[in-house]
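Q: With the hints as extra help, turn the sequences into a complete structure.
These are the residues of each chain, in order.
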Amino acid sequence: MEVDQLQRSFLEYTTSLFREGFLDGQFGQLQMLQDESNPDFVVEVVSLFFEDSQRILNDLSITLNQQNVDYKKIDANVPQLKGSSSSIGAQRVRNACIAFRNFCEEQNADACRRCLQQVKQEYLLVKEKLEALIRLEQQIVAAGGAIPMLNEFS
Amino acid sequence: MGVAADSQFHVLAVDDSLIDRKLIERLLKISSFQVTTVDSGSKALEFLGWRHDEDGERKHSSNQTSVEVNLVITDYCMPGMTGYDLLKKMKECSYLKNIPVVIMSSENVQSRITRCLEEGAEEFFLKPVRLTDVNKLKPHMIMMMKNKNHFQENQEHDFKVEQSDSDLIRLPTEEQSLQQHNSNNNNNKRKSMDDGLPLDRARPRYNGALTVLSN
Numbered sequence: 001m002e003v004d005q006l007q008r009s010f011l012e013y014t015t016s017l018f019r020e021g022f023l024d025g026q027f028g029q030l031q032m033l034q035d036e037s038n039p040d041f042v043v044e045v046v047s048l049f050f051e052d053s054q055r056i057l058n059d060l061s062i063t064l065n066q067q068n069v070d071y072k073k074i075d076a077n078v079p080q081l082k083g084s085s086s087s088i089g090a091q092r093v094r095n096a097c098i099a100f101r102n103f104c105e106e107q108n109a110d111a112c113r114r115c116l117q118q119v120k121q122e123y124l125l126v127k128e129k130l131e132a133l134i135r136l137e138q139q140i141v142a143a144g145g146a147i148p149m150l151n152e153f154s
Numbered sequence: 001m002g003v004a005a006d007s008q009f010h011v012l013a014v015d016d017s018l019i020d021r022k023l024i025e026r027l028l029k030i031s032s033f034q035v036t037t038v039d040s041g042s043k044a045l046e047f048l049g050w051r052h053d054e055d056g057e058r059k060h061s062s063n064q065t066s067v068e069v070n071l072v073i074t075d076y077c078m079p080g081m082t083g084y085d086l087l088k089k090m091k092e093c094s095y096l097k098n099i100p101v102v103i104m105s106s107e108n109v110q111s112r113i114t115r116c117l118e119e120g121a122e123e124f125f126l127k128p129v130r131l132t133d134v135n136k137l138k139p140h141m142i143m144m145m146k147n148k149n150h151f152q153e154n155q156e157h158d159f160k161v162e163q164s165d166s167d168l169i170r171l172p173t174e175e176q177s178l179q180q181h182n183s184n185n186n187n188n189k190r191k192s193m194d195d196g197l198p199l200d201r202a203r204p205r206y207n208g209a210l211t212v213l214s215n
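Just so you know, the sequences run in chain order A and B.
Residue numbers 1 to 154, in full-length UniProt numbering, belong to the letters of the first sequence in order.
Residue numbers 1 to 215, in full-length UniProt numbering, belong to the letters of the second sequence in order.
Simulated from the structure, these hints should not be mistaken for laboratory data.
Everything numeric in this text was worked out from a predicted model, so none of it was measured.
A few of these clues could be false.
Restraint ranges, calculated between C-beta atoms of paired labels, are given here [to be verified]:
{"hint": "1", "chain 1": "B", "residue 1": "Q34", "chain 2": "A", "residue 2": "N108", "range": "27 to 37 Å"}
{"hint": "2", "chain 1": "B", "residue 1": "N98", "chain 2": "A", "residue 2": "R114", "range": "49 to 59 Å"}
{"hint": "3", "chain 1": "B", "residue 1": "E68", "chain 2": "A", "residue 2": "F50", "range": "35 to 45 Å"}
{"hint": "4", "chain 1": "B", "residue 1": "E46", "chain 2": "A", "residue 2": "F50", "range": "29 to 39 Å"}
{"hint": "5", "chain 1": "A", "residue 1": "A132", "chain 2": "B", "residue 2": "L131", "range": "20 to 30 Å"}
{"hint": "6", "chain 1": "B", "residue 1": "S31", "chain 2": "A", "residue 2": "G144", "range": "45 to 55 Å"}
{"hint": "7", "chain 1": "A", "residue 1": "L11", "chain 2": "B", "residue 2": "P79", "range": "52 to 62 Å"}
{"hint": "8", "chain 1": "A", "residue 1": "N65", "chain 2": "B", "residue 2": "G120", "range": "39 to 49 Å"}
{"hint": "9", "chain 1": "B", "residue 1": "N98", "chain 2": "A", "residue 2": "R8", "range": "31 to 41 Å"}
{"hint": "10", "chain 1": "B", "residue 1": "S94", "chain 2": "A", "residue 2": "L11", "range": "47 to 57 Å"}
{"hint": "11", "chain 1": "A", "residue 1": "E51", "chain 2": "B", "residue 2": "G80", "range": "21 to 31 Å"}
Pulled a few chain A residues facing chain B out of the computed Cβ check, cut under 10 Å [unchecked claim]:
{"hint": "12", "residue": "L11"}
{"hint": "13", "residue": "N38"}
{"hint": "14", "residue": "P79"}
{"hint": "15", "residue": "Q80"}
{"hint": "16", "residue": "G89"}
Far from chain A, by Cβ distances over 12 Å, these chain B residues were calculated [as the list claims (entries may be wrong)]:
{"hint": "17", "residue": "C77"}
{"hint": "18", "residue": "Q110"}
{"hint": "19", "residue": "M144"}
Virtual Cβ for every residue (Gly too), placed ideally from N, Cα, C.
A: Here it is as structure tokens:
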């Protein structure tokens with residue numbers, strides 16, 4: 001594909017992710033912080049988000065599989081995931097974390113398990129989307145083009 | 001005198017989250033600050049040369065620290081020492097209390113914000129922190145440097161006065177010294193210090209008396 005075609009599909013794809021609420025303006029901020037001196041900033045932060053989320057989701061699964069659920073652990077883990085998802089602009093993961101936290105306060109184990117499934121689902125969705133977006137970015141760079149700016153979203 | 005536009009301010013950023021450390025580091029670097037990041041309040045105190053001791057202030061090893069920190073920006077919610085604990089420790093220490101502290105938090109809890117501002121935090125940023133937030137940091141650092149320079153000037157001045165007439169010693173109020181400074185430093189191309197400062201804060205308003213050099 002030609003560079004301008006790749007750039008166009010990058011913009012279209014990003015626009016669709018914003019429109020469907022997978023990403024919010026914070027992701028645009030990350031893109032703005034990437035420049036020649038730091039060409040891999042977004043990829044680095046997104047990779048950290050994947051590692052962080054996977055670890056937290058595993059911990060939460062273990063905690064919620066226990067007979068006696070330790071709500072303190074959940075109460076420590078969920079805000080971490082909420083924090084990193086909002087730092088990356090993964091809006092739907094963040095929103096699912098907010099609901100999760102409310103049920104944790106109620107100490108409602110069944111609702112917490114449902115919330116965990118919800119958060120996992122949203123995480124896997126946004127992960128897939130972000131990976132596709134990064135692949136597009138890499139194709140643009142490989143073709144010698146520049147990543148289009150996302151000013152309108154930030 | 002005055003702060004050169006190209007002088008590099010050094011910011012110490014404290015956050016237990018690696019993602020957020022990456023983010024704040026990048027935000028600060030893109031704003032041309034020199035940045036050091038640490039992952040806990042105790043490491044921040046260590047970096048600042050603070051020592052826990054009966055006689056803490058005297059044991060402060062400020063002379064051993066080669067780097068000067070112009071501002072500390074810290075997350076509120078951290079395991080062990082919170083950002084609020086760090087703020088309190090710094091404000092209790094005579095060597096660190098003049099360093100401006102800014103708190104960041106992902107929770108918009110009014111009582112928390114009030115508590116931090118009352119304890120002496122300059123700003124409270126809601127996470128995720130944005131470039132527009134980081135733009136508010138420079139005035140606090142410039143203010144600290146100006147106050148420090150004036151303190152030194154006043155000390156020298158008072159020393160001379162003391163020798164001639166000890167009854168006349170009087171430290172100028174902060175506002176007087178700021179105005180004095182302003183008159184020494186006339187420049188039309190300056191930006192009002194008031195930009196971006198919260199309006200609800202109980203603090204003296206300088207209404208252009210204190211100004212900063214823009215980039």
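Q: Determine for every hint whether it applies to the structure shown.
A: Each hint tested on the structure:
no., hint, in the structure
1, B:Q34 to A:N108: 27 to 37 Å, "violated (48 Å)"
2, B:N98 to A:R114: 49 to 59 Å, "holds (51 Å)"
3, B:E68 to A:F50: 35 to 45 Å, "holds (38 Å)"
4, B:E46 to A:F50: 29 to 39 Å, "holds (31 Å)"
5, A:A132 to B:L131: 20 to 30 Å, "holds (27 Å)"
6, B:S31 to A:G144: 45 to 55 Å, "violated (30 Å)"
7, A:L11 to B:P79: 52 to 62 Å, "violated (41 Å)"
8, A:N65 to B:G120: 39 to 49 Å, "holds (45 Å)"
9, B:N98 to A:R8: 31 to 41 Å, "violated (53 Å)"
10, B:S94 to A:L11: 47 to 57 Å, "holds (55 Å)"
11, A:E51 to B:G80: 21 to 31 Å, "holds (22 Å)"
12, L11, "violated (22 Å)"
13, N38, "holds (7 Å)"
14, P79, "holds (7 Å)"
15, Q80, "holds (7 Å)"
16, G89, "holds (8 Å)"
17, C77, "violated (7 Å)"
18, Q110, "holds (18 Å)"
19, M144, "holds (26 Å)"
Of the numbered hints stated above, those contradicted by the structure are hints 1, 6, 7, 9, 12, 17, listed in ascending order.
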